[in-house]
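Since the structure of chain A is already known, use the hints to place chains B, C and D on it.
4 protein chains.
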Amino acid sequence: MKLWQKDYKLNKEVEKFTVGNDYLLDKNLVKYDVYGSIAHATMLNKIGILTREELNKLKKALIGILKLNESNNFEIKLEDEDVHTAIENYLTKKLGNIGKKIHTARSRNDQVLVDLRLYSKEKILEVEKELVNLLYTIIYFAGKNKNVPMPGYTHTRKAMSSSAGLLFGAYAESLLDDFELLETAYKLTNQNPLGSAAGYGISLNVDRELTTKLLGFEKVQNNVLYVQNSRGKIESIIVFALSKIMEDLAKISNDLIIFNMEELGFFQLPDEFTTGSSMLPHKKNPDVLELIRAKSSIVDSYLFQINGIIKKIPSGYNRDLQLIKEPLMQGFEIALSSINVMSLLIKELKVNKDNCIKACTNEIFAADDVINLVKTGVPLRDAYKQVAKNPENLPKIDAIANIISKKHIGATGNLGLDKLKQKIKSINAGIDSEIKKFNSKIKVLLR
Amino acid sequence: MKLWQKDYKLNKEVEKFTVGNDYLLDKNLVKYDVYGSIAHATMLNKIGILTREELNKLKKALIGILKLNESNNFEIKLEDEDVHTAIENYLTKKLGNIGKKIHTARSRNDQVLVDLRLYSKEKILEVEKELVNLLYTIIYFAGKNKNVPMPGYTHTRKAMSSSAGLLFGAYAESLLDDFELLETAYKLTNQNPLGSAAGYGISLNVDRELTTKLLGFEKVQNNVLYVQNSRGKIESIIVFALSKIMEDLAKISNDLIIFNMEELGFFQLPDEFTTGSSMLPHKKNPDVLELIRAKSSIVDSYLFQINGIIKKIPSGYNRDLQLIKEPLMQGFEIALSSINVMSLLIKELKVNKDNCIKACTNEIFAADDVINLVKTGVPLRDAYKQVAKNPENLPKIDAIANIISKKHIGATGNLGLDKLKQKIKSINAGIDSEIKKFNSKIKVLLR
Amino acid sequence: MKLWQKDYKLNKEVEKFTVGNDYLLDKNLVKYDVYGSIAHATMLNKIGILTREELNKLKKALIGILKLNESNNFEIKLEDEDVHTAIENYLTKKLGNIGKKIHTARSRNDQVLVDLRLYSKEKILEVEKELVNLLYTIIYFAGKNKNVPMPGYTHTRKAMSSSAGLLFGAYAESLLDDFELLETAYKLTNQNPLGSAAGYGISLNVDRELTTKLLGFEKVQNNVLYVQNSRGKIESIIVFALSKIMEDLAKISNDLIIFNMEELGFFQLPDEFTTGSSMLPHKKNPDVLELIRAKSSIVDSYLFQINGIIKKIPSGYNRDLQLIKEPLMQGFEIALSSINVMSLLIKELKVNKDNCIKACTNEIFAADDVINLVKTGVPLRDAYKQVAKNPENLPKIDAIANIISKKHIGATGNLGLDKLKQKIKSINAGIDSEIKKFNSKIKVLLR
Amino acid sequence: MKLWQKDYKLNKEVEKFTVGNDYLLDKNLVKYDVYGSIAHATMLNKIGILTREELNKLKKALIGILKLNESNNFEIKLEDEDVHTAIENYLTKKLGNIGKKIHTARSRNDQVLVDLRLYSKEKILEVEKELVNLLYTIIYFAGKNKNVPMPGYTHTRKAMSSSAGLLFGAYAESLLDDFELLETAYKLTNQNPLGSAAGYGISLNVDRELTTKLLGFEKVQNNVLYVQNSRGKIESIIVFALSKIMEDLAKISNDLIIFNMEELGFFQLPDEFTTGSSMLPHKKNPDVLELIRAKSSIVDSYLFQINGIIKKIPSGYNRDLQLIKEPLMQGFEIALSSINVMSLLIKELKVNKDNCIKACTNEIFAADDVINLVKTGVPLRDAYKQVAKNPENLPKIDAIANIISKKHIGATGNLGLDKLKQKIKSINAGIDSEIKKFNSKIKVLLR
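Protein chains in written order, with our numbering: chain A, 8 to 454; chain B, 8 to 454; chain C, 8 to 454; chain D, 8 to 454.
Hints are all accurate, no fakes.
For the chain A half of the interface with chain B, some residues (derived, Cβ under 8 angstroms), not all of them:
| hint | residue |
| --- | --- |
| 1 | Glu20 |
| 2 | Arg300 |
| 3 | Gln312 |
| 4 | Gly315 |
| 5 | Asp327 |
Just so you know, these hints were derived from the structure itself, not from any lab. Note that the structure is predicted; figures quoted are calculated from it, not measured. Just so it is clear, CB atoms sit at the ideal spot from N, CA and C, and this is done for glycine as well.
Chain A with its partners taken away, still in its complex shape (with noise of 0.2 angstroms):
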């Protein structure tokens, strides 16, 4: 039974288009449909739309959907549209008149927003996590190999000397950079929608600080109509955090990709991450890292949904909306694989050294060979010319040593990965903390 059921009966195909794909992906916010739940009717015992009797009867039946959903037992009926609506019938079924009042003061509207942002931070604080765990495997990698050579491409051509240590910091800094959007997207995320309704408020005086400390979000939403209005705006914030994530593992998916062709085998990936062709006995594939980027297409895909739904209709809920759990669900679940897959991966990545000093050939090193003449005094232009012109007087250049004598911030002789791992350390720090005090919260609220 739908919450609005009239009279008149909805077309069966009409039914399906509508509830889509909804009553499955509600299964992910049932717990946080409990939480938000149980917070509702505390602020309604409060003001005295509910007694404390009833409150605790509301409470106890809640905390055994809990129960039933950790067991899997909880359906939600492709007639019952959502998981609000499940929740609500089985509360009238067993509560009777109390079931039928939870729903007091509130609209699915402001209730599928507090589900969500609670499902979002708890997503973001896991991908923060992941990202955490790949991060000290990167850096990890990087300061193991800071010494081994490797030539520096621009234009896809060999241009300077540089290092797998280089390398593999530079994409340990971009992955911290993500850090700073996916902070934004928390913190936006933490703000409380409920109390808002339908958009509009209510005729009640609903205590919206208290939900809100229940709940531990970080504050009150303010305005009623701005917390529908930030429906998939909030989302596209999130999903465009993803997106970068995903494009800096595309990034490494595809130099790995290069750099471990056969004709420059500067790395080796570890068999188990290959896979072999059908008609081909010989190959050796490197599917996971190609699956990463083409991943990262579809990410990018989702805060292009996420924004043409929200684009151009008007302010105040709209049905569209609906159609962003999607992609916001599927962008987190692909960015933790992936995530996750490539930390696997790194671990296993071997460094073909040989291969990598072999590549240093000489013309890697003209531009120290400039330098050179302009230590001596040669204007730069002069010395540059100079050297262009007569490239096969290039000296021989020990590539090892030449690495390492850059001493500059952030050169190959300087990565400054402890100040790294000093920063992920804090930035792990917070995120634990944050989870703690969620988890806390949570568990005041069920007790």
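Just chains B, C and D now, with coordinates in the frame of chain A:
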């Protein structure tokens, strides 16, 4: 067991990551993989790789798979990776050495392409049939309401007199143009990739003309490398066509959402197509239309996905391409269900004639008034100024007479619906003939 | 002076904001606006709005504008807003009352559409001519190098033997498929919007067949509202075709960037197409190819722009549509210059045959070896395992003989270039005939 | 003369193709290139590459360029390729050997990054100042009209009572959230790339901390390869922030287009912000709003452009990156002019209070009525059904009293505008301080 199975074990998480949804999506391809395999085996027999007896056994087993699949009893397991492996494993288990021969002179690269091409052909035809149905519905509606006047809008402002007939006639012609895109997509899809193997041909004299004929393709797709390079490209052309259809449906939806606002009230949505609110008892919401509008953005994103995936990958097969299956298949599903639901809705749509006429306030005839002055010899620009200066002088106009009186090609009094119906009829005949042709080819193949 | 000038003054900043680049972009449309205006005036004469003398004066003045424009002396000022106003103001200044009559029975809405359709027709034909040129270049290159073997890659890994001929043949066939998209775009563009006025027709018996004939359109675009609704839609179909061409050029570029790496060295870029580094004297960078690759993403974004602009705006003209001019025009410019530069580059491209042959190491013939075993009766799967187990046993193979020996349709020994040339020749004849037809129509119009 | 000029001549068409618009766009960067060059020269002096006298001469000449540029007399020619070359050529012409030394220890790769970072910093601050201005305007409007009731819509259908104050308060809070994105973008932009050279550092002990301090950056961007890899990435983060601002402006525009329809008439657009029709004398069209709506899609496409360009290019500089300048710069220009025009418009916007009140028909108070029953003890669901059954029984409600009575956080009677003003004030102070800091750094630099 994988086709390329080697000695090392694939990490379970890596396996899950690489297989993805393929083993589920491939259920849609079982039928086509069987068709392709029978055609391939027939050809292998012709060039002497399989004996007549081996061919017969293979064919019988393959037809067995077809039957299992029809009753939903043919399973593709995660460990099988994909439909091709599931089928080959089944054959080898059943037929021993004979099963091991079926993959001669082909690769999963051309095999999956055959499957996807045949699948796409049937799906395009299915979309076209649904579109024909929608077009008849729209044109019937336009004809029935051709003399119902309503304001025509520019800049979301009343501009001139229009009619329900003109509006729905416009929708019909837009959808008719989409057939051009579908036809182009169909033509490019209708090329046989089989025999290209992994993208570099095979050192056997495979008879590509024969499989082309057996499978009902219009021609061989010539260059074996281009066969691989066209993967994703042709899918993007299909999805572009679907996205333009969805764009049209979104335009209809968005228009109807506005024209159905209580403030305008030109159309009345059938009750079964609206849904209610969990908090606001008076609401009848146009959810179906909002969802179609949003789904249009989702299909757009599938084009984006495919383009993103294929961009900048090197010539030849790359694993990235696997991820194109999902946006293609979902694109078809969304387009089919949206067209269907839109047909159902327009069949039940009502025009509120009174509201429409009432909305035809005087100023929308100002342009006609200008023309009346022009007919008396006043230069247009002077007539324009004269009318603009005294808008209150505009005479009362009979809206119905006005729209009927406009008789030039394509105007309210001359919608040309019969020509449209004629065109659709001829398109429909073309579709039916194509369906018949394919079915008879398959009948022969399975004989 | 604006055509709709009223008493209040438009804020200067607002004027700048609304006019945007239109007064610059419209320089591309002067020619077509004159054509459309002459056809329109001729029609107005036929239905009695203009006398023969008025028509003659208007025609003479319009041809005068054409000449001014050819010598770059016809100016469109910011205050004019657009080409239509600039021309009407010019006519009114020169001819007084007669000038004030030209806009009878048309709106800028259908006027700009005529301009854009004629412009697009000529530009599509121009793109097609450039493409024909590029195709001849590519096929010549493929033919010249059809017996140069090189490794064929899958997963960016050496897979089987391929050839320079096969590679460039693949490029040619991909570009040939793009003609289908251009043709569809051309067909939809080739419809006459004139006479639809503001999108709701006109209370005069305008003769739309006449202007269609005069301007060389294939047919009238019927429904006057669909004329407006198709704005942006048809542009998106054009830009989609351009984006697929650019995608092909990007694929060629990306391939050549990799195949031209010193580590592979299969091709040598002409010096004039590489640029140097301000710091690294030895570099020869493939900048042209990198820019084509990037420009492909820019043209993609034009499709995105147009789709974003037209999505969810109501039926009928909306000002949003103005912004579609720029992505359309820039799309054409980028496509034309990129195709042209690619032709120049491939004309000078060299193959390093020695490197190509050297790169054909033994393992790329493994699949051929498997087939050799199959020919002796070993089932494919067993042959596969046998070869996989002892990769070092692979026999020495003559790469040139190998690629020549593969004779099935589309393989290295049977590229089918002659069929392609035949097809291009016929396409080219079609283009030339279309150009000739249009030019002769215009010649008659201006007579 | 190009910095890397070699002996062969570049084809003219190729030159035009590769330089593109750079020589025009770079006009925006002259100022910043001078700043970066002075800082770099100062550093070169400190590490002994330039004498004090050489530094002084360079500085004087560079300040001369600054002045030429201010009076629009510093030209960048197509043959110069870019601003960097134009400046170096100028210096070498003026100072001979000294000019030839300035490029020591830097590459155009890090030079252009410094320019773009400084440019972006100033532009972000400029956008923020405009946004503050818009926010004050919106909040003033919200405050003035906080007691003007209007229907609140969901599903584009009247749902509950809302107010002009609530609507504009929602706009304000959305724009306030955008500051978070701008701040994140600013923070990532505020890193010094100088000293990374071509992306692989330099064999001189460059002092990156010194240039960081001189140019007012918050910190050194550490890893020299990541400096290059972050090109495009940081731009995409900036443009994402701009796109979210534009999305907000598009939402305001789209809402006002609908609410300003004659059928609703809640707001009246100032005459100077509407334009007329060339054919329909009565029209006042909301062109400015339509263009803002469309421009939002254009800025979206810039994000798409940048992401497309950087995706799947290898680590290190690639020429593709050059094309990112244009979407970045145009993104800023569109955002700045759109915010500005929106401020002007809202300053003149009028509310039609009578229409607003009249539109508050009884059914929008149904939810309040349900709550009234709930207060008497009826369970919500039963109250809902009771009200739904007899919609005609809804009592007459005073709309103004109703919206004032809703007092919970964020509701119509408690908009929290003072808190918003407080927040903006504090943001504004932060921006001003950042501007001041940068200006004082530059003052010292030029001393």
